[in-house]
Amino acid sequence: MKNAKKKLIRYLICIFAIITLNFAIPRAMPGDPVMNLIGEDVMVSADTLNQIRSEIGLDRPVYEQFATYLWNLIHLDLGYSYHLHADVASLLCERMFWTLLFVGIAIILGAITGTYAGALSGWYSDSKISRAVTCVGMAVSCTPPYFLALIFLSVFVFRLGIFPFKALYDEPTIASVIHHLALPVIVMTLFSASRNFLIMRGSVIQEKNSHYALYARAKGLFDRGILWKHILKNASLPLITQVALDFGFIFSGAIFIEIVFSLNGMGTLIYDAILGRDYPVLQGAFLVIAITVILANLLADILYGIIDPRVRVNER
Amino acid sequence: MKRPVIELDNLSVTFHGDCDLRAVNQVSLSVTRGEVLALVGETGCGKSVIAHAIMGLLPKEASVDGSIRFNDMELLSLSERELADIRGEKIAIIFQNPSLSLNPVYTVEHQISESLYIHRKTRKELAEKCTKNYVLKFGFNPPETYLPLYPSQCSGGMNQRILIAASTILSPEIVIADEPTKGLDRERVNETGEILRNLVSEKGRSLILITHDLEFARRISDRIAIMYSGEIVETASAEEFFAEPKHPYSKGLLNSLPENGFVPIKGSSPSLTRPPDGCRFHPRCMYMNEQCAEEHPDLKPTGNRKVRCFLCH
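Heads up: the sequence lines are chains A and B, in that order.
Counting with my numbering, you get residues 1 to 316 for the letters of the first sequence.
Counting with my numbering, you get residues 1 to 313 for the letters of the second sequence.
Possibly wrong hints are sitting among the right ones.
The calculated lysine to any residue pairs, modelled on SDA-like cross-linking and capped at a C-alpha distance of 20 Å, are [what the hints assert, rightly or not]:
no. : chain 1 : residue 1 : chain 2 : residue 2
1   : B       : K251      : B       : D298
2   : B       : K121      : A       : W228
3   : A       : K229      : B       : L57
Quick caveat, the hints were computed from the structure, so don't treat them as lab data.
All figures in this text were calculated on a predicted structure; none of them were measured in a lab.
Modelling step: build the complete structure from the supplied sequences, incorporating the hints.
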């Protein structure tokens with residue numbers, strides 16, 4: 001339990017550090033923060049500027065501003081976007097749903113297919129099929145997701161016309177959403193599966209030469225029975241860490257994919273915010289993404305403890 | 001004469017690589033029901049290779065010649081699928097290094113009862129009951145305290161007993177114990193010896209004990225086979241052997257025991273890729289003559305035993 005407490009404290013410190021950075025960076029930027037906030041292309045009078053300044057509390061000392069920032073965060077108030085004329089928190093919530101939906105599906109599908117294919121490929125590592133699939137896996141994992149997305153867009157949308165080429169849906173029905181999201185999900189799945197595939201393959205190749213695998217065979221397990229019943233659990237340990245670390249990576253990949261497929265998720269929100277210098281939105285989005293990644297790591301930590309008893313032993 | 005349960009006939013194992021390595025050369029052995037055969041020799045003399053050959057667990061780069069008959073069944077001609085049905089059920093092995101042979105992410109209970117699920121398709125409740133009763137014999141009392149543990153939470157001696165329990169729960173006809181006392185202290189060695197001996201006497205099973213611990217072999221074996229450089233150089237009943245070893249290498253082994261004055265055999269064991277001409281032991285033998293350097297001696301019977309030495313015939 002002592003160790004679990006230590007871990008929890010570590011994660012809390014991590015979140016606090018991110019919040020502090022998120023608070024400090026926009027304030028360290030050159031230029032007038034209020035001008036940054038409302039955008040340079042908007043013409044406002046000096047009176048309005050001052051009014052906004054005191055509204056946000058920029059005329060007060062830094063520690064007071066930080067306290068207010070934290071207080072607002074606790075109340076899930078992430079500020080107001082003057083560009084989109086909307087509350088940042090509700091904007092993020094609405095967009096986040098779509099991104100989490102397709103990234104989540106892709107990560108789960110990618111984890112399952114990547115693990116399964118990687119395990120088989122590692123088990124039959126000498127076979128020609130296994131080697132060919134490994135080559136493809138390596139190629140896919142080295143291709144940036146947006147490039148992969150562009151290729152898919154060109155082939156399946158422009159040439160073959162099987163999939164629609166923009167938006168989340170034509171009409172808000174599940175069938176329409178599936179039709180629109182299929183391609184982005186496939187691209188993300190391929191990307192995440194290829195990374196998991198390579199890790200799993202290497203891990204299985206390493207584990208299949210271990211003593212316990214030989215002993216499993218000596219007990220009378222046959223061929224893949226050894227793989228599924230003895231090796232899989234051990235070999236998937238590095239994968240858990242990988243999936244958690246990949247979470248942020250895949251999230252950033254999703255931003256580009258959303259742009260390529262014109263999906264109105266977090267990605268396009270961030271993209272537009274960067275182009276229009278919409279700092280409150282950026283700040284909010286970064287905070288949310290950072291916290292999601294930390295939560296994914298926390299989850300991996302917990303999962304690791306469940307699968308590997310040796311981690312639990314050390315906690316005593 | 002009792003019929004052998006397992007019989008090796010001119011068994012040779014060669015590993016193919018940059019240069020071929022013949023780890024086992026023309027070994028013939030047999031074990032009868034209720035017998036304990038100790039296979040004794042230095043590290044690298046091919047003892048474990050024989051064990052793995054019997055189990056069919058050798059790597060792909062190994063080629064096996066000769067024959068291994070188990071109850072009129074030729075093991076070398078069986079498919080991997082057929083071998084899998086025999087492994088663990090009819091012939092079981094206890095590996096050296098128990099802590100690595102057990103899977104770190106499964107409980108002791110799972111690993112001991114696994115054979116029941118693999119070979120007997122036992123129902124869960126029954127398997128649990130079986131396992132609980134069985135581990136009592138191994139000093140795990142009460143079983144509830146030990147069965148939920150993981151191998152990393154157990155000591156080396158406990159893991160050794162767990163491994164023996166896991167290999168023998170189906171009471172296989174032959175148990176091969178590969179260096180079961182390696183790395184254990186005196187007390188654990190005695191305990192392991194007793195467990196193995198009981199296994200044989202209670203159920204009339206056969207045991208092939210692979211060891212370099214002569215003292216241990218003396219205590220629990222009925223017959224002893226001494227290996228040197230991939231060959232058997234002497235087989236005899238344990239009693240006769242320890243009373244008077246015939247082969248110069250056997251003599252050397254006994255003299256190297258602490259109670260016999262700790263006299264080492266000079267030189268070191270030859271490389272298996274290029275074994276010496278003539279008798280493989282001749283470069284280290286203090287009785288060698290010209291014939292030993294030129295001709296390879298056969299394993300010939302003298303009295304109740306067999307010896308591979310010109311000087312003993």
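Hints, verified against the model:
1. B:K251 x B:D298: Distance ~18 Å between K251 of chain B and D298 of chain B Cα, so the pair holds.
2. B:K121 x A:W228: Cα-Cα ~17 Å, so holds.
3. A:K229 x B:L57: holds (18 Å)
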